[in-house]
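A.B. asks: Spelled out, the chains give:
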Amino acid sequence: MTAPPVAELEEAVVLTGGFPVLAGVTLRLEPATLTVIVGANGAGKTSLLRLLGGLDPLSRGRGVVAGVDLAHGDRRVLRRRVGWLGHEGSFYDDLSVEENLHFACRALNRPFTDVAPALARVGLAERSRTTTRRLSAGQRRRLALAWLLVRRPEIWLLDEPYASLDDAGRALLDELLVDVVAAGATVVASAHDPLRTTQTRRTLTLAGGRVVAAS
Amino acid sequence: MTAPPVAELEEAVVLTGGFPVLAGVTLRLEPATLTVIVGANGAGKTSLLRLLGGLDPLSRGRGVVAGVDLAHGDRRVLRRRVGWLGHEGSFYDDLSVEENLHFACRALNRPFTDVAPALARVGLAERSRTTTRRLSAGQRRRLALAWLLVRRPEIWLLDEPYASLDDAGRALLDELLVDVVAAGATVVASAHDPLRTTQTRRTLTLAGGRVVAAS
Amino acid sequence: MIATARLVAGKDLRIEWRSRVLLWQVVPFGVMALVLSGLALGPTRAGHSSAGPGLFYLVVLLVTLLAINRSQAIERTPGTRASVATLGLDPGGVFLGKALALAVELWVIGAVLLAGTVLFLHTALSGSLEAVPSLVLTLAALAAAGTLYGALTGEGAAPTTLLPVLALPGFAPLLIAGERSFSAALAGGSPWEWWVITLVALVAYLAVGVLLYGVLEES
Amino acid sequence: MIATARLVAGKDLRIEWRSRVLLWQVVPFGVMALVLSGLALGPTRAGHSSAGPGLFYLVVLLVTLLAINRSQAIERTPGTRASVATLGLDPGGVFLGKALALAVELWVIGAVLLAGTVLFLHTALSGSLEAVPSLVLTLAALAAAGTLYGALTGEGAAPTTLLPVLALPGFAPLLIAGERSFSAALAGGSPWEWWVITLVALVAYLAVGVLLYGVLEES
Amino acid sequence: MKLLAQRLLGPVTLVSMALTIWLGLVVTPPDKVQGNLARLVYVHPAVAWVALYLSFGTATIASVLYLWPRTRSATADRVAHSAMEVSLVFIALTLITGSIWGRPTWGVWWAWDARLTSTAILGLLAVGYLALRRANDDPELRAKRSAVFAVLSAINVPIIHFSVLWWKTLHQGATVFTANRTLLIHGIMAWTLLISFVAFSLAYCWLLRARYRLEVARETLGARAIDDALAARVLEGRS
Ligand code: HEM
Ligand SMILES: Nc1ncnc2c1ncn2[C@@H]1O[C@H](COP(=O)(O)OP(=O)(O)OP(=O)(O)O)[C@@H](O)[C@H]1O
Ligand SMILES: Nc1ncnc2c1ncn2[C@@H]1O[C@H](COP(=O)(O)OP(=O)(O)OP(=O)(O)O)[C@@H](O)[C@H]1O
Ligand SMILES: [Mg+2]
Ligand SMILES: [Mg+2]
Chain A
1 MTAPPVAELE EAVVLTGGFP VLAGVTLRLE PATLTVIVGA NGAGKTSLLR
51 LLGGLDPLSR GRGVVAGVDL AHGDRRVLRR RVGWLGHEGS FYDDLSVEEN
101 LHFACRALNR PFTDVAPALA RVGLAERSRT TTRRLSAGQR RRLALAWLLV
151 RRPEIWLLDE PYASLDDAGR ALLDELLVDV VAAGATVVAS AHDPLRTTQT
201 RRTLTLAGGR VVAAS
Chain B
1 MTAPPVAELE EAVVLTGGFP VLAGVTLRLE PATLTVIVGA NGAGKTSLLR
51 LLGGLDPLSR GRGVVAGVDL AHGDRRVLRR RVGWLGHEGS FYDDLSVEEN
101 LHFACRALNR PFTDVAPALA RVGLAERSRT TTRRLSAGQR RRLALAWLLV
151 RRPEIWLLDE PYASLDDAGR ALLDELLVDV VAAGATVVAS AHDPLRTTQT
201 RRTLTLAGGR VVAAS
Chain C
1 MIATARLVAG KDLRIEWRSR VLLWQVVPFG VMALVLSGLA LGPTRAGHSS
51 AGPGLFYLVV LLVTLLAINR SQAIERTPGT RASVATLGLD PGGVFLGKAL
101 ALAVELWVIG AVLLAGTVLF LHTALSGSLE AVPSLVLTLA ALAAAGTLYG
151 ALTGEGAAPT TLLPVLALPG FAPLLIAGER SFSAALAGGS PWEWWVITLV
201 ALVAYLAVGV LLYGVLEES
Chain D
1 MIATARLVAG KDLRIEWRSR VLLWQVVPFG VMALVLSGLA LGPTRAGHSS
51 AGPGLFYLVV LLVTLLAINR SQAIERTPGT RASVATLGLD PGGVFLGKAL
101 ALAVELWVIG AVLLAGTVLF LHTALSGSLE AVPSLVLTLA ALAAAGTLYG
151 ALTGEGAAPT TLLPVLALPG FAPLLIAGER SFSAALAGGS PWEWWVITLV
201 ALVAYLAVGV LLYGVLEES
Chain E
1 MKLLAQRLLG PVTLVSMALT IWLGLVVTPP DKVQGNLARL VYVHPAVAWV
51 ALYLSFGTAT IASVLYLWPR TRSATADRVA HSAMEVSLVF IALTLITGSI
101 WGRPTWGVWW AWDARLTSTA ILGLLAVGYL ALRRANDDPE LRAKRSAVFA
151 VLSAINVPII HFSVLWWKTL HQGATVFTAN RTLLIHGIMA WTLLISFVAF
201 SLAYCWLLRA RYRLEVARET LGARAIDDAL AARVLEGRS
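Chains as they are written, first to last, in our numbering: chain A, 1 to 215; chain B, 1 to 215; chain C, 1 to 219; chain D, 1 to 219; chain E, 1 to 239.
Honestly, the hints are just simulated from the structure, not real lab data.
These numbers were taken from a predicted model, which means no experiment stands behind them.
It is possible that some hints are incorrect.
To be verified - Cβ pair distances, simulated, as ranges:
| id | chain 1 | residue 1 | chain 2 | residue 2 | range |
| --- | --- | --- | --- | --- | --- |
| 1 | C | 10 | E | 109 | 48 to 58 Å |
| 2 | C | 10 | A | 73 | 25 to 35 Å |
| 3 | C | 13 | A | 108 | 18 to 28 Å |
Don't be surprised by glycine CBs; every beta carbon is placed ideally from N, CA and C.
With the rest of the complex left out, here is chain A:
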C-alpha cells in the first residue's frame, strides 16, 4: 500500500531572467509529512516553494505535484490545492481583516461561520474591522494563517513561517502544523530558525539551487 507521492521533481531547473534559481532539484514528497527546507540565504528555498505551488514555471527537467505536470499541465488546477504563506502579506490592503476572509470564503464556497473561529484562533479577533494595511508585520502573518485555516488546503507551502511572529504566534503555528499533518495534509516549510514542533519531519538542505543533503 504505497500511496503515490504528492510531489516528485527530477532535475528541475527554474530560470528567472536567465539565472538558474533552481539548478536541478530532485526530490520526492510523501503525503501527510512535514518537510523543512533549510539553506543559506539565496540557496533557492523560496524558489523551490514557488515551483511546488505552481507559481513559477518549470524551465527544464520534470516535475509532478498533486498529479499536475509542472511542465505541460494546467498549473491553475495545482494552485487551487495549495496554501501559500509568503514573505509578504497577501491580501487586499484596503479591505478589513474580516472582509478579506469573507472574500476567501466565498471564493472557496465555505460558510462565513468559519471566519470568526479562525480569527479568534490566530488572535486577531479584536482587529477584525481594522484595514489590513494598518496591521503590524506579525499581525499580517497571523492573518495569513487565518486564511490558511479557513482554506485547509492539501498542500501547505510556508516560506519562513516563523518570521515576524512572537512566541505565542510560533506556538500556535507549531500546534497547527501538528494538526494539519495529522489530518493528512503535506507541509513544506522553509526555515532559518529550527522548527520547534515535535512532529516527525524530513529536512532537505539546499545550496546553490540544488538539494545537497537530506535527512
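Given the coordinates of chain A, work out where chains B, C, D and E with the ligands should sit on it, guided by the hints.
C.D. replies: Structure of chains B, C, D and E with the ligands alone, referenced to chain A:
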C-alpha cells in the same frame, strides 16, 4: 561625568489614522548601549523605532533624540544621524547592488573604496552586479547591512534584524553589533528571537503601545 | 463563473467605495481635463460645441486609463497575486467581474463628465441626453477591453506606462464610434452603424476575455 | 546642493536608461495620443493645423503626467523612503536633481512629439522649429512643477490618481503660455510676453521647490 | 526539395527585385499626370500588401497556433515575433512611401483618411506588441501575453478599418483591380506591378527566414549561456 542621553521620551504618543500605536512611552537611552525591544505582535515595536528615527511625527508628549526635539525640531537633522533596517528592503530595485551602495557613498561623501569590503563582509560580493529586485529576502537584508556598514551612523534602529537571515548572517550581525557599540554607537533593535550577542544590553518590554517592563 | 464574477465585482466596488479614489481623484481630474482642453482650443464658443463630442471622448479615454490602472493596482500589491492565485477562481469569472466593476465605475464618471461637457463645452442638453445609450455601450466596451489590456500589462516592468501603449490603438475605434454617435445625436441623426461597431467590439472583447483571461493570469 | 542634484539626477537617468520605460512606453503613448486627438477632432485638415499647438500641449501634458508618475514611483518602493530619508540628502538638491532628470526626459520626448505634430497635425515645419526655445523652457517649467506636485501626492492613498488633480490646475498657465507662443511662432509673431510668463513660472517653481521640498518630504 | 527552396530563396528574391527595378524605372513609361512619381505604384502597393496581409497575417496565425494548446510550440512564438518585427518595418515603409507620394498628389504628408489612419494604428499595434515582449522576461508568459495581444490586434484591424472607412475617405480606391477583378491598367505596367508584388513577397519571406534564424541562433546561444550559469550556480553551493 554623565553623558547626556541619546534619546529621552516622556509619555510619547503616536497616532496613525486616529489609532494610538504608541500610547505614552517613557524611556531613556544612554549612548553606546544596546537596547532590545520585545513584545507581542502589534505591541508597538516598529512604531517606537520609527518615532526614534524621526520617521513618524510625535502626536503628544515630549521627546528628544540626538538633541533634536521630536515635536518642534527639524527631524531631518535627526534622520541624517540614524541608520534604519526595516521590514522591507530599502533600495532602488532597478539599480544593481553595487550601484545602490555607490549612491549611498556619494550621498554621504564616502569613497567608493568602502563598497567592496562592505559587500565582501556581508557575503554579497558575487551578487554585486545583480539587480536588487532579484535578490532573495535574506540577501536584501544583507544589502541593508552593507549599507549600514558604509554609513556607520550614530544611532542604529533595527526592526527584527534577524528575520530572513541565515545562521552566518546572524553571526555576522552579532559581531557587527559588538563592534559598533564598542565604537560608541547606540543600537536599538526589536526582536522576537533572543539576540545572541554577549554584549551587555537592556531589554524593554512593550505591550499595548506602552513600556510595561524594563531590565 | 457568474458567482465568481459577482464576487470579484463586489470586492472591487467595495474597495473603490472604501478608498473613494474615483470620487475624489478621478472625477475632478476628468472635469479639469475638460476645462483644460476647452482652453487648449481657444475661447471661441462655436468651436467648442462642434468639438465637444471629440473632447468628451478624449477625456473619457484618459479617465478610463486611470480607472484601469487602479483596477489592476488592487491586484498587484506584493504577495496578493500568489494568495489569490491559490484560491483558484475561475478566470473567465474574474474577467467578467473586474470588467463589470470597471463598467459601473465608468458609468458613474461618464454621467458626471457628460454634465461637464454640457456646462463647459456648451453641447446641447437634449442631444447630449440622446447620446446616453451609446455612451453606456461604449463605456462597457472600454471596460471590457481595458480589463483585458490591464491584465496584459500585468506584472511586467512599469505596467502603468505600458498600459496606454497597448490600449490606445484598441480604443481608437471605440473612441471614433462614440464620438460619431454623440455628434449624430447632437445633429439629430440616427447613428446605428456606429452602434454596430461598438456592439461588435464589446462582444468580441467579452468573448476573448472569457476565453483567454486565464492565459494572461498564468504568471 | 549642486552635488546632491547631480547625484540624484544621475541616479534617475540611470534607472530610466535601465528600464527604457520612456523609449518603449511613453514615446509611443505620446504619438498615439497625437493621432487620437487628431482623430477626435475629425478629418478636416484646416482644423488640425490651427488646433495643432493646443493639441500638442495637451499631449505634452499627458506625457508629463506619466513621466512624473514614473519619477515618483522610483522613490516609492516599500522601504526606500525610510532608508533614503536617513541619508539626509539636501532636499533642495534632491528637488533640483529630480526636476533636472525629468526635464531631460521631457526634452527627448518633446522632440519626438514635435515631429509627430508636424507630420500628423500639419503644423508648418519652420514655425514649429521656431517654437523649440519656448518648448524647452515650458518643458523645464513643467518638470520643476511636476516634481513638486509629485512630491505633494507623495505617499498618500493612490498617488497615481491623485497627481493629475493637483497638477492640472497648476499646469494650466504653462499650458496656455506654451500654446500661445507655439501659435505665435506658427503665425510668425514674436511671443515674448508668453516667454516671460513661462520663465517667471520656472523660476518660481524652482525657488519654491528648493525652499519647500524638504517640507513635503517630511512624511 | 526543402533545401533547394532555401538555397533559391535569396537569389530569386534578388532577381525579381532587380527585374522590378528595371521594369519600373526603365521600361515602363512615365504617367501622363504624375510623371515619374507614378513609378511609386510599383513599390507602395506591394509594400502595403506585405505589411498588412502577409506579415501581420502570419503573425496572427502563428499567435493563434500558439494559443491553441495542441499546436503550442516555441516555433509558433518565434514566427509570430519575427513576422511582427518584419511587419513593423513594412508598415513603416508603407507610411514613408505613401507620404512621399502624398506630398505631391494631395499636397500634404499626412491626411486623416481611413486607410492612412488605420495603417498608422496598425503600426502602433506592432510597436505595442514589441513593447509588450520587452516588458516580460519569462519566456512562457511573454509568449502567451504577446499572442493574446496579437489576436486582440487582429480583431481590431477590421473594426478599425470599418470605423475609419465610415469616417471619410481620401485615399486611392481600387485603382488596380475593380470589384469584379478586372484589370484597370494594361500591358507592361500591369506585368511590372505583378512582378513587384512577387518580388516584395519574396523579400518578405527572405527577411522572415533571416529573422527567424537569428532568433534561433540567439536562443541557442542563450541555452549555452544557461548551461554555464547552471554550472556556476552549482559551484556557488559548494563553496
Ligand atoms: C502615408 C500615406 C499612405 C498610406 C499609409 C497608404 C497605405 C496604403 C495601404 C495600406 C494600401 C494597401 C491597401 C489594400 O491592399 O487593401 C495602399 C494601397 C495603395 N495606395 Fe496607398 N497609402 C498612402 C498614400 C498613397 C498615395 C499618396 C497614393 C497615390 C496617390 C497611394 C496609392 C495607392 C494605390 C494605387 C494602392 C493600391 C490600391 C489597390 O490595389 O486597391 N497611396 N496604400
Ligand atoms: N537575474 C539574476 N541574476 C543573478 N542572480 C539571481 C537572479 N535572479 C535571482 N538570482 C539569485 O537567485 C537566488 C534566489 O534564491 P531564493 O529567493 O530562492 O533564495 P532563498 O533560499 O529563499 O533565500 P532567503 O533565505 O534569503 O530567502 C538568489 O541568490 C538571487 O540572488
Ligand atoms: N487605524 C488603526 N486601527 C486599529 N489599529 C491600528 C490602526 N493603525 C495601527 N493599528 C495597530 O497598531 C499596532 C501597530 O503596531 P506595530 O506595527 O508598532 O507593532 P509591532 O510591535 O512592530 O508588531 P510586530 O511584532 O507584529 O511587528 C498594531 O497592533 C496595529 O493593528
Ligand atoms: Mg526566501
Ligand atoms: Mg513590527
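A.B. asks: Against each hint, give a clear statement of whether it holds in the structure.
C.D. replies: Hints versus structure:
1. 10/C to 109/E: 48 to 58 Å: Because 52 Å falls inside the window, the suggested range holds.
2. 10/C to 73/A: 25 to 35 Å: 31 Å, holds
3. 13/C to 108/A: 18 to 28 Å: 21 Å, holds
Checked against the numbered hints listed earlier, the structure breaks none of them; every hint is satisfied.
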